[in-house]
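Please dock the two separately framed chains into a single complex, following the hints provided.
What follows is each chain in one-letter form.
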Amino acid sequence: MKSDSSELGVGGPGVQPIAADTGRPHLEDPRVVLSLLEADQVVAAKEQMRFGRQKLSPGVRGLLWALRVYVVVMMIIVLISVLRAVHVSQ
Amino acid sequence: MDSLKTDPDAAPYVTAHPTTESAAASSDAPELAGLLTHEDVDRARDRWEVARARWKGRGAKKFRGVRLLWLLIGPGVLVFLGENDAPSMLSYSADGARYGIGFFIPFVVLTFVMGYVVQEMTVRLGAVTHRGHAELIFDRFGKFWGFFAMGDLVLGNFLTLVTEFIGVRAGLGFFGIRPTFAIGGALVIVAGAITTGRYWTWERITMGLAIFNGLFIPAAILARPNWHAVGNALVTWKPFPGGNQNEILVLILATIGATVTPWMLFFQQSAVVDKGMQPRDINAGRFDTILGVVLASTFAIAAILATAPLFHHGINAADFQTAQFAEALEPLIGHTGAALFALGIFEAGIVAAIAISTSSAYAFGEVLKTGHSLNRPLRDAWPFYLVLLGSAAAAAALVLIPKFPLEFVVLTVNVIAVLAMPPALAFLLLLVNDREVMGEHVNGTWANIAGLTVTVLLIIAGIGFGLATVFPKWLGG
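For the record, the sequence lines run as chains A and B. For the first sequence, numbering that gives the first Met the number 0 assigns the number 0 to the initial residue and increments by one for each residue that follows. For the second sequence, numbering that gives the first Met the number 0 assigns the number 0 to the initial residue and increments by one for each residue that follows.
Okay, chain B solo, but in the shape it has when bound (with noise of 0.2 Å):
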C-alpha cells in the first residue's frame, strides 16, 4: 500500500493513526474519541465477535469455526442471492419453459463459476484496502474514468430496480393483490432494513429474506423433473436447444447477465469493506461468496426445472411475463406450486431492490465522499440514504406508470448488463494486479487467465448478440 498519499484537501487532522498500534498506545483517549465515529465504534464491535470466535481459548474447536463462519458470512450470499432476481428468475424461467431440462442447466452453472471469479477478487480487494470499488476507480484512474464506469452503473442500477419492481407487482398480483399496495409495501420493506442503522442488522435482515429464494425448490420438486435427464444434461450439455438462433442467442446473452454485472462488483466490495473484514478474513469471504454460489446456482436451477413442464405440454412460452408463468404453471404443478413460484418472484424483487438500491448508495458516497455505511445513523449519513430510497422510490414509481413498457426494459436489462461487463472486469482486473494497492493479495496467474476467460467471453457475447441485431437474417431471426 505504498502509495496512500495524503490527501490536501482533507479537513485538518489531528492524529494520525499511521499503526493501530500505536494508535491504541496513546495515552490521549479524549482526543482520539472525538475521531471515532459511531461507524467505527460499530464496526469495532463487529470485529470483537470474531475476534472472540478466533480466540483459541473459548470454546470448542468445530463450534468456533461454525461460529467464525457464521459472523464472516454475508457479501457473498447477499450478492449472488440478491443477483437471482426478479429478470434473472424470470430468464431462467424462460430457459426452462422455452427448452426445457437440456444445455441451460449446466450452462447457468458454468455462468455462476465464471461469477464466483469475479466476486472473490472484490472481496480480496475490500479485505486489503477498506475500500470501495468505485472510491478506488477515481482515487487510481482519475475522474474521467471513474465517471465512466459510474455511468454505466447508474444506468443498469436503475433499469435493474425498476425491474425489481416489476417482479414484485406480478409475483403479488398473483394472489390478486393491487399494484399500489405491492410497490408500497416493498418500499416499506426496503426502508424498514436500513432504520437499524447498524450494517450487521441489515445483512441478518436482508439475508433472512434472500433465503426465501429457495421456494423455488418446492415449485420444482412440484414439478416432478425428471431427474434422470437432470443428470444427462450435467454431463452431456444436452439437448441443445434447436429454433430460432438469434433467439437463443439473447436468451444465452440474459443466463450470462443474470449472474455477472456490474452492481454485483460495486456491491459485494462495499459490504465487505462496511462489514470491516480484514485480509485475515479472505479465505471466510471466499467461502461466503462459494456459499452464496451453490445457493444462488441451485434455486436457479430449480426455476428451470420449475417451468419445464411448459415446454413439455408444448405451451409457448415465448412472450411470457413474470405473472404469466406462474398462471400457466398452475394446472401443471398446481395452485401450490403456482403459488410458491409467484412468491419465489416476490422474494427475488424485493432482496435485489434492498440490494441494488444500497449498491448505487454506496457508490454515490464512496464519490462524493460524504458518509457511506450501514452504520451510520440517518441524520449523520442523509444524502446516502436518501440516493438508497430515492433510487428505489423513483423505480418504483416508474412501474406504477399506465402504459409504461415494462415488457422492453425486463427484456433489455440483463442484456445491458452483460454488455457492460467488460469494461467493469478490466477496471477489476487492473485494480486486483495494482501490487501498490493489493500488495501480497495481488492476483495470480490463474485467477488472471480466469478473469481474462471471463472478460473475453463476455465479449465474444456482446459482439455475437449485436451481430445478430444488425444482421437478424444471419443466423436465421
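Next comes chain A alone, as it looks inside the complex (with noise of 0.2 Å):
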C-alpha cells in the first residue's frame, strides 16, 4: 500500500514533484503517469501479463457441469412457458 505522498508523486525516485497546491498534475510526463497507476493497471502490462488457468477440481467440475444443465433445462421450460401464453393468448 502506497502512502499518500507517493500516491502524489512527490516521493517516488526520479519522479518529478506534483505542486499539488497548483491542482495540475503533470501528465505529459510518463512517470508522473505510472506513479499514479497500481502496476497491473497499465494497460500495457494487462495485456503483457494473463492470470494462469485454476485447476477445477472434480467436485467444482461436477458442480459447474450441473448447474449448465440447470440453466438449459430451465430455459426449455421458459419456452415452454411461452408458448403456453402464446396458445393462451390467441
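These aren't lab readings, by the way, just hints derived from the structure by calculation.
Quick partial rundown of chain B residues pointing at chain A, CB under 7 Å, derived from the structure:
id	residue
1	T36
2	A43
3	R139
4	G141
5	P421
6	P422
7	G461
8	T468
Beta carbons are placed, not taken as given, at the ideal position from N, Cα and C, and that holds for glycine.
Encoded structure:
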C-alpha cells in the first residue's frame, strides 16, 4: 500500500514532484502517469500479463456441469411457459 | 497474485513494469511514453483527483471525506439504479397493483440485500485484479466455461435491452410521442453519453439521468399511501398475497430478477476497473454499493406504493403493460402523478439501456482482447463502441417491428435473469475465493455463507418456477 505522498508522485525516486497546490498533475510526463497507477493497471502491462488457468477439482467441475444442465432445463421450461402463454392469448 | 503469467501470444513488450515504483524511477521517459495509452493518462488523471482528496494536508477533514466519496461513487449507484429498469419497475408496479401494501415491500428490501451481498464481491474483484469479470472467467476457467458464462450474459442482456426500449416507447407514448421518435431519441441519448471518450464524464452523465428514477417518489406521495400499513408490512411481512399460487411464484421470481441479474456482475466489475479503483478504495466502493441499494430500494418501494391504489380500487392489473399502468393510475392519483410514473418508466429504460449495452461491450472487449474502456477514443476502440451501439440499435429495431410479441419478452426477461444467475454466482464465488487472484482480499466466512445462501435461494426459486410451470395444478394454476 502506497503512502499518500507517494501516490501524489512526490516521494518516488526520479519522479518530478507534482505541485499539489497548483491542482494540476504533469500528466505529459509518463513517469507521473505511472506513479499514479498500480503496476497492473497500465494497459500495456495488463495485455502482457494474464492470470493462469485454475485447476478445477472434480467436485467443482461436477458443480459447474450440474449448473449448466440446470440452466438448459430451465430455459426449456421458460420456452414451454411462453408457448403456453402465446397459445392461451390466441 | 502469484498466478500472473506472461502471455506467450502477446506482442513484444519493450519495458516491463514489475512495480510502479521501478517504472516511475526509470529515466527513459520517451520509451515509457510510447507504451502509455490515452486510457492510462485519463485514468491517471482520475487517480490524481482521488489522491489529492486523500491528501491529509488539504482542506477541512469533513469536506475531504465528502469529496473523496463523490469521486469514488459511481459503479454501485449506476448498477442498482440501472437495474431499476423498465421491466423491474413493471414488476414492482405489478406487485403493488395486484397485492397492494404488504409482503412485497419487505421482500423487495430483502432482494436488494441479496444484491448487495453479490455486488460487493465484484467491487473487490475489480479493485484488486484490475480486470473485468469476463476476462477473469476466461483466464481462470478457460474458453469452454467462459463461453458458457458469456452465452447466458448475451442472451439475458439482449432480451433485457429489448425491454428497456419497450419501456422508453411506452413511457413517452403516454405523452403522445410516436414510437419512432421515442426510440430514435433514446438511441441518440445512448450514443451521446459515450461520445465523450472519458469514463468519468460518461459516469456523471449517466448518474445525472439515473437520479430521475426518483420520480417514483412524488408519484407514490400523490397516491397517498397508508404509512401505517407500510410500517406494519415492513415489520410483519403481511398481508401475504392470496390467490393463484402459480402467479404469485412467477411474480416473486420476477421481483428477485428485478434486483439480482448476471449483467450487474459484469457491469460493476468492469466499471470499477475502468474507473481505476484500487484496493485502498474498496471501502468507498462498498459505500457506493450501499448508496445504490438504498436509493434503488426506496424508488422500487415507491413504485409499489404508486400502483397500490389500483389494488385498493379492485382494478384488475393482471394483464397490464407499462403504459396501461400510467393510464389506469391517472383517475386515481391525477395527471401529474401518472405523468411522473410514465416519465419514470422512460428514465428507467434509458439508463438501463446505457448500462446494459455498456456491460455487453465491456464483456466482448475483454473476451476478444480489444480495447474496452470508455476512456478510449472512438478510433482506438471502435469494436467496443460498435458492440455498445450495435446491441442497443438492434434491440431498439425489434421494438419497432409491428406485431412483435413484446409482452412475452417483458414477461420472461426477469425470470430468465434469475434462472441464469446461479451459474454466474458460482463463477463469482470461485473467483472471490481464489487466493491467487484475490490475495488478502479473499472472501471471509460470512461473505461465503451469504453468497451461498443467495445462490441456494435462487436455485430453490428457479426449481419452484420449473415445477409450477410443468405441473401447474400442483399450485392450483
